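Line order of the protein sequences matches chains H and V.
In terms of my numbering, the first sequence opens at residue 1 and continues consecutively.
In terms of my numbering, the second sequence opens at residue 1 and continues consecutively.
For the record, the hints were derived by calculation from the structure and aren't laboratory data.
All figures in this text were calculated on a predicted structure; none of them were measured in a lab.
Here are the simulated lysine to any residue pairs, SDA-like style, with alpha carbons at most 20 Å apart:
no.: 1; chain 1: V; residue 1: 434; chain 2: H; residue 2: 53
no.: 2; chain 1: V; residue 1: 313; chain 2: H; residue 2: 17
no.: 3; chain 1: V; residue 1: 434; chain 2: V; residue 2: 417
no.: 4; chain 1: V; residue 1: 45; chain 2: H; residue 2: 180
no.: 5; chain 1: V; residue 1: 313; chain 2: H; residue 2: 127
no.: 6; chain 1: V; residue 1: 434; chain 2: H; residue 2: 55
no.: 7; chain 1: H; residue 1: 166; chain 2: V; residue 2: 159
no.: 8; chain 1: V; residue 1: 162; chain 2: H; residue 2: 164
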Amino acid sequence: MIAFETIEAPACPLGLENVDTDQLIPARFMQTPRAQGYGGFLLHDLRRDEGGAMRGDLAVNDARYGAAQIMIARANFGCGSSREAAVYVLADAGYRCVLAPSFGDIFASNAVKNGVLPARVSASGIETLLGDPGVLAGAPIRVDLAAQTVSVGNKSIAFEVRPDWKKQLLNGWDDVDLTRSYAQEIAQFVERDTAQRPWAVPR
Amino acid sequence: MPPRTIIDKIWDAHTIAVREDGDCLLWVDRHLVHEGSHHGFAQMKQRGATAARPDLTFGTADHYVPTRPTAPVDPDAARMIRQLTENCALNGVACFGHGDSRQGIAHVVAPELGLTLPGLLVVCGDSHTSTHGALGAYAFGVGASEVAHVLMTQTIWQSRPKRIRISIEGQLGPGLSAKDMALAIIARLGAGYAAGCAIEYAGEAVRALSIEGRLTLCNLSIESGSRLGLVAPDETTFAYVRGRPYAPQGDDFERAVADWRGLASDPGAVFDREVVLDAREIAPTVTWGVSPEQAAPIGGRVPDPASLSDPTKADAWRDALAYMGLTAGMRIDDIRVDRVFIGSCTNSRIEDLRAAAAVLAGRTARVPGLVSPGSASVKRQAEQEGLDAIFLAAGLEWGGPGCSMCVGMNGDLVGPGERCASTTNRNFKGRQGKGARTHLMSPAMAAAAAVAGRLCDVRDLMAGRLA
Ligand code: SF4
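Working from the sequences, and respecting the hints, build out all of it.
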């Protein structure tokens with residue numbers, strides 16, 4: 001995994017609440033191999049009207065935010081299923097960070113594993129960002145993970161992130177490498193556990 | 001040692017190492033994989049690795065399996081199923097593929113085969129893995145990167161969850177089931193109530209549930225935001241597990257039961273939150289909106305957003321009513337349905353099918369419907385008991401085992417604008433198909449809706465039929 005550095009890029013002021021993972025990527029696209037890229041599935045059904053035409057009233061469809069790497073949303077972003085594809089659609093569409101007051105539990109953990117920062121900004125901070133003329137014009141904003149701040153023009157807004165996730169993102173650590181450094185502890189556990197819970201293996 | 005909850009006891013027994021920030025490396029006893037696990041297998045392959053403990057990993061085809069005899073074979077779905085079989089074979093993992101006598105929905109198959117046991121830590125790349133908590137297992141859903149991690153290391157990093165105990169005291173009334181209990185809990189507490197927490201279900205009404213009922217209850221834990229829900233194992237649990245194909249036998253089984261008895265929360269164990277509900281206040285419950293918390297008793301009315309003081313919530317209700325095509329204040333039992341679906345990891349076990357058949361016997365459904373048993377084994381048993389004949393005589397389709405119309409990945413979809421009385425667990429927009437309108441309810445209530453062509457109180461149809 002590549003280390004998360006400071007991002008300076010336009011942000012997409014999506015502004016929706018309770019964006020569940022079924023909305024982030026409808027189930028029917030999930031059979032696609034990752035190598036083909038998931039970016040085109042991002043919010044697929046939400047972006048289109050009943051006739052299949054792109055809706056004009058949604059920030060993800062707005063050319064001003066075509067180069068966005070940061071998503072700004074309201075509460076409970078990524079609730080619902082465990083599908084990691086809900087992060088792939090964001091990552092493959094170029095997003096490295098989502099700013100929201102709260103996140104679905106499994107979604108946030110999946111995001112970190114894909115180098116996408118789930119940054120918790122207060123509800124009032126989100127409102128400030130969503131109303132900022134610079135953001136709305138598609139001007140770059142700056143997300144500094146080490147300092148835990150989002151800067152727009154001369155405004156600076158703090159965000160929260162779990163300390164372990166911050167460390168992992170900053171270092172570009174990979175869980176598997178980390179776990180392999182515990183090989184000895186795992187071997188000792190298995191030896192102890194086999195004696196203590198002989199019934200735990202399938203017959 | 002201070003008194004501990006069942007959640008802490010299982011956690012402690014699986015802790016391999018504790019990181020500086022408090023996260024723990026936990027041992028995984030069972031890892032279930034399905035077609036959707038292909039991303040995890042691909043990530044592992046990219047590293048040139050294979051499964052560390054294939055003997056603890058089990059595959060079953062569920063999400064993409066065709067469940068209607070007449071459905072055309074979709075080449076993409078067929079490829080997904082084949083890919084699972086190949087990935088399992090490549091890694092030496094046992095796989096219950098399409099056509100296997102043990103195939104079915106992962107959360108139905110693992111308990112019935114004795115793969116899920118009390119005190120085990122179970123993971124699967126699926127959020128409804130919480131189901132397995134019914135047997136007293138610590139079971140939760142994971143993402144694809146975690147699937148890859150578990151495949152490669154048989155371990156997982158977790159932060160300790162907050163613990164909630166939900167006790168349901170008193171007895172459920174006749175015609176009610178674990179599904180009504182679960183929907184009533186979520187309606188009462190909210191879809192975000194238990195975000196990131198672990199729930200222990202306790203109390204007289206929970207202890208009175210069969211394992212099938214407990215599986216339904218724990219299945220819906222995730223819909224209150226919880227990572228997992230479990231029930232302490234008891235005599236009901238031991239009797240269910242005894243003799244199942246992969247369960248311990250003979251002396252091993254007795255030894256296991258002795259250990260399992262020690263799992264119950266100690267008297268005086270402290271939970272972060274405690275909730276006590278009264279089973280006698282629970283009525284047959286159905287959802288009217290697009291979140292499982294938007295549920296009401298069948299005798300009630302569609303609520304009015306104008307009655308809310310919170311503007312965000314009022315907007316959410318308005319939006320839900322618009323999507324569902326309902327008017328505030330209308331009677332819930334005036335809602336007409338276009339079809340019914342009885343199935344999914346929530347309600348496709350033998351007891352669920354018996355409950356639906358008890359309502360449908362000798363009656364005709366006014367609307368089309370599909371009944372999909374949760375596993376090949378449930379299907380065989382239902383056919384031995386003649387339940388299939390009851391469904392067919394009523395005019396419903398009798399399908400094969402799989403996820404089917406719960407998520408429609410196999411092509412079994414509810415049409416745009418169509419209204420479905422469904423025994424599944426998610427009524428999100430578009431869940432059963434683009435524009436589909438889902439009402440969640442118990443199998444008996446779905447059967448009643450089929451007979452009436454509208455949502456209706458199953459108790460009215462059961463005069464003289466209730467046990
Ligand atoms: S039946 Fe539905 S909820 Fe259960 S595993 Fe399948 S798709 Fe998921």
